[in-house]
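In the order they appear, the protein sequences are chains G and V. Numbering of the first sequence is given in our numbering, commencing with residue 1 and proceeding in unit increments. Numbering of the second sequence is given in our numbering, commencing with residue 1 and proceeding in unit increments.
Accuracy of the hints is not assured; some may be wrong.
Residues on chain G that point at chain V, a partial pick, calculated with CB under 7 Å [stated by the list, open to error]:
1. Gly-54
2. Met-55
3. Val-113
Label pairs and their computed distance ranges (CB to CB) [claimed, not checked]:
4. G:Phe-317 with V:Thr-7: 47 to 57 Å
5. V:Val-13 with G:Leu-385: 32 to 42 Å
6. G:Gln-443 with V:His-205: 51 to 61 Å
7. V:Gly-164 with G:Leu-451: 47 to 57 Å
8. V:Val-139 with G:Phe-137: 55 to 65 Å
9. G:Val-127 with V:Arg-186: 47 to 57 Å
10. G:Phe-66 with V:Trp-134: 29 to 39 Å
11. V:Val-13 with G:Asp-565: 27 to 37 Å
12. V:Val-13 with G:Tyr-332: 31 to 41 Å
13. V:Val-13 with G:Gly-562: 50 to 60 Å
Examples of chain V residues lying across from chain G (beta carbon under 10 Å, computed) [said to hold, decoys possible]:
14. Val-26
15. Ser-45
16. Ser-66
17. Glu-67
18. Gly-156
19. Glu-198
20. His-205
If you are wondering where the hints come from, they were derived from the structure by calculation, not from laboratory data. These numbers come from a predicted model, not from an experiment. Every residue, glycine too, gets a C-beta built ideally from N, C-alpha and C.
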Amino acid sequence: MAVEAQVPYQEAIDVHHPHSWLARYWFSQDHKVIAIQYGITAIGVGLVALVLSGMMRLQLGFPDSFDFIDPEAYYQFITMHGMIMVIYLLTALLLGGFGNYLVPLMCGARDMVFPFVNMISYHVYFVSVLILLASYFVPGGPTGAGWTLYPPQAILTGTPGVDWGILTMLVSLAVFIVAFTMGGLNYVTTILQARTRGMSLMRMPLSIWGIFMATVLGLLAFPALFVSAVMMILDKTIGTSFFMPAISSLGEQLDYSGGSPLLFQHLFWFFGHPEVYIVALPAFGIVSDLISTHARKNIFGYRMMVWAIVAIGVLSFIVWAHHMYVSGMHPYFGFFFATTTLIIAVPTAIKVYNWTLTLLRANIHMTVPMLFSIAFVITFVVGGLTGLFLGNVIVDVPLSDTYFVVAHFHMVMGVSPILVIFGAIYHWYPKMTGKMLDDRIGQLHFWITFLGTYAIYYPMHYLGFVGVPRRYFANGEMAIIDESVILLNQGITIAALIVGVAQILFIWNLIYSYYRGRDSGPNPWKATTLEWQTPETPPRHGNWESRLPTVYRWAYDYSVPGAKDDFIPQSEPSAGEREGAPLA
Amino acid sequence: MAEATSTQRLQLVEDWAADVAVFRGVPWGKAMMWIFLLSDTFIFSCFLTSYMTVRMTSAEAWPNPSEVFALEAFGVPVPLLLIAIMTFILISSSGTMAMAVNMGYRRKRVGAALLMVVTALFGASFVGMQAFEWYKLIVEEGVRPWGNPMGAAQFGSCFFMITGFHGLHVSAGVVYLLIVAYRVWRGRYEEKGYDIVEITGLYWHFVDLVWVFIFAFFYLW
């Protein structure tokens, strides 16, 4: 067929079907296996970070009650918690996990374009996690420099882990970036060059748009982190002075001179701010699909949603110094970055309006993924509004380095993406395993997690307003630390422990349902996107039968008037298109 | 002329609106290499921007590159002599690389392989001269990453870090070229076609281009 000749890639991927356990589950080139490898590793290391946050809360809620938490350990908890959550959990799970799983399936490809590179990507990521965790076993323990790793303090005596911990952290980050680059190149190339017939960019599900843009951001932002890691390693090991000014430490003049600590902050945040959107954009995309599917209604303003994702991605590169208002940089910079920061609220607000307008008068099914999606929209609005406070220089200055900041970024880039991740796992678990997750455990897990996070982070806004500083091991006898602060801190700790322990429900649900769950069938949510139309569930390596599916419509044909069902799969031709070219 | 550009613009819109592939007829490997190079550009940009920043913040005077990098020829110090030769070699290697790509697409595989080996030899000699330059700076002039007798310590730090990172790129490129040349010579790409030569070439030209920037910012500024 002439049409077939245009798509030579259908046969291009050599699909292997290995038989030994090691070849199937460790050296697998199947994007779905790699996705699950990424997912399990990320969740595993994320649980470590969750335990660390529990330990921090114990100290903050009940200071002086726990002997094993000294100031050094506390700073190590902070640092490892932050870094693991942002990079090794959220980035890895959203892009390595969901990116890997969804991109070929939703685009209608057999696999990523370079499956071997994809496999290596996971292995390198695994090594980076091992190096990171190894910092608990080196002399002096992990670094306690805070997840931002600001020099000069990060590599000076007095900071925990200054001998080895900081090096394992930096090396682990560099290795992670290598892993991400190998994976990211695959995702972007697959989306750009290996979609199936009829799948134009403007017919892609928003999940893919979010993952695509986030990966592009990652490929362009991680270099800054890589460079700063290399330079800090050199400063630490061979005594260069990239980031180190002339400085005396413990009464002794050090050999450093002439470096620029501000340079590190610029490099770090040139990575760090796009990183926020590397985490947020896939969540935006995925939640759009969840809302549309479970509300049985097409997404409101699809094109606007796509352009908002693109606009946020572009703008995210010119807002980084809003993390540095109090760093001593020129005030005119602050003015510029405050302006760009507030402009980024426009596309973000468009997305929030479109989610709510999708829900308006929709046939909402209160499934667990839907609950998590609605919770996400609410939480994201809360976190976004506090962003307006912190984005303005004059309001930020008094709030800077207080618990208000902690509350803001946990709401907006901690809790929000995690809620989407939970929703997405409840949504796609049936496709990954062929079993439904248990609904009642899911509901319980949702309500404890959702309400619990509010019990944790809402009071932190108040703590910030009264001026409680963040990153303090103990608040001591400051005048602002009155009875209400102490009580709130205890309450937050109790809530945090409950939420932390409740995640056992989720893990239990994953394991239990795998063995005892109800069979899901190929398309339990009656969704339109291609991954639900695979011939087998879970799909085997290669995803499709001898022919790839052809796409005839966008991903959001729900409740179309006059249609047989309340959804029309993307691969379903309309009467006129059955024989003709898919793209009119 | 104006008409041609407007059709080109329409073509662009058409490509991005199409199904299957945005860049029609572009093999996956080539698309991936372009995207990788874009990412790598950001790495080098960060390195060079950092270099400029510390050059401005450092309190001490910056050493004069024309003196530091001068080479004694016939008893007279000639500024930038070695660098001029190195740059010339690297740019020549881009020329042989382009000829290799041409040979590949004309399916003259032995010629393509030979030209790639010549390119790799140019690259190896570049790395060798760089080693000589480092040797001269370290042993004869006493420049160290943490300090030097001529002025600001950041001069040595930036120089060794950036040229070292670029040198690693060139060395990796030499290995890459030799592997691909061997495979081309063995006829491994007879069926698949010789896009791989062009993809290797993209990387090689990129490394050359980066050198032009390093040359300009380090040696001429």
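Evaluated hints:
1. Because the closest C-beta pair between Gly-54 (chain G) and chain V is about 36 Å apart, greater than 7 Å, the hint is violated.
2. Hint status for Met-55 (chain G): violated, given a least beta-carbon distance of 35 Å to chain V, over 7 Å.
3. With a least beta-carbon distance of about 4 Å to chain V, the hint placing Val-113 (chain G) at the interface is held under the 7 Å criterion.
4. Checked against the hint of 47 to 57 Å, the pair Phe-317 (chain G) and Thr-7 (chain V) fails, with Cβ atoms roughly 32 Å apart.
5. Checked against the given bound of 32 to 42 Å, the beta carbons of Val-13 (chain V) and Leu-385 (chain G), roughly 38 Å apart, stay inside it.
6. With their beta carbons about 58 Å apart, Gln-443 (chain G) and His-205 (chain V) fall inside the hinted range of 51 to 61 Å.
7. Between Gly-164 (chain V) and Leu-451 (chain G) the beta carbon distance is about 54 Å. The supplied range of 47 to 57 Å therefore holds.
8. Under the hint 55 to 65 Å, the C-beta atoms of Val-139 (chain V) and Phe-137 (chain G), about 40 Å apart, miss the expected range.
9. For the pair Val-127 (chain G) and Arg-186 (chain V), the beta carbons lie near 33 Å from each other, so the given range of 47 to 57 Å is not met.
10. With their beta carbons about 53 Å apart, Phe-66 (chain G) and Trp-134 (chain V) fall outside the hinted range of 29 to 39 Å.
11. For the pair Val-13 (chain V) and Asp-565 (chain G), the beta carbons lie near 35 Å from each other, so the given range of 27 to 37 Å is met.
12. Under the hint 31 to 41 Å, the C-beta atoms of Val-13 (chain V) and Tyr-332 (chain G), about 39 Å apart, fit the expected range.
13. The hint said 50 to 60 Å for the Cβ distance between Val-13 (chain V) and Gly-562 (chain G), and at roughly 33 Å that hint is violated.
14. With its C-beta approaching chain G no nearer than about 7 Å, Val-26 (chain V) sits inside the 10 Å limit, and its interface hint holds.
15. For Ser-45 (chain V), the interface hint holds, since its Cβ comes within 10 Å of a Cβ in chain G; the closest pair sits about 8 Å apart.
16. Interface hint at Ser-66 (chain V): violated, since its Cβ lies 22 Å from the closest Cβ of chain G, which is beyond the 10 Å cut-off.
17. At its closest, the beta carbon of Glu-67 (chain V) sits 20 Å from a beta carbon of chain G; the interface hint therefore is violated under the 10 Å criterion.
18. Given the 10 Å rule on beta carbons, the hint for Gly-156 (chain V) holds: about 8 Å separates it from the nearest Cβ of chain G.
19. The criterion of a C-beta within 10 Å of any C-beta in chain G is not met by Glu-198 (chain V), whose closest approach is roughly 16 Å, and the hint is violated.
20. Interface restraint check for His-205 (chain V): the shortest CB-CB distance to chain G comes to about 19 Å, outside 10 Å, so the restraint is violated.
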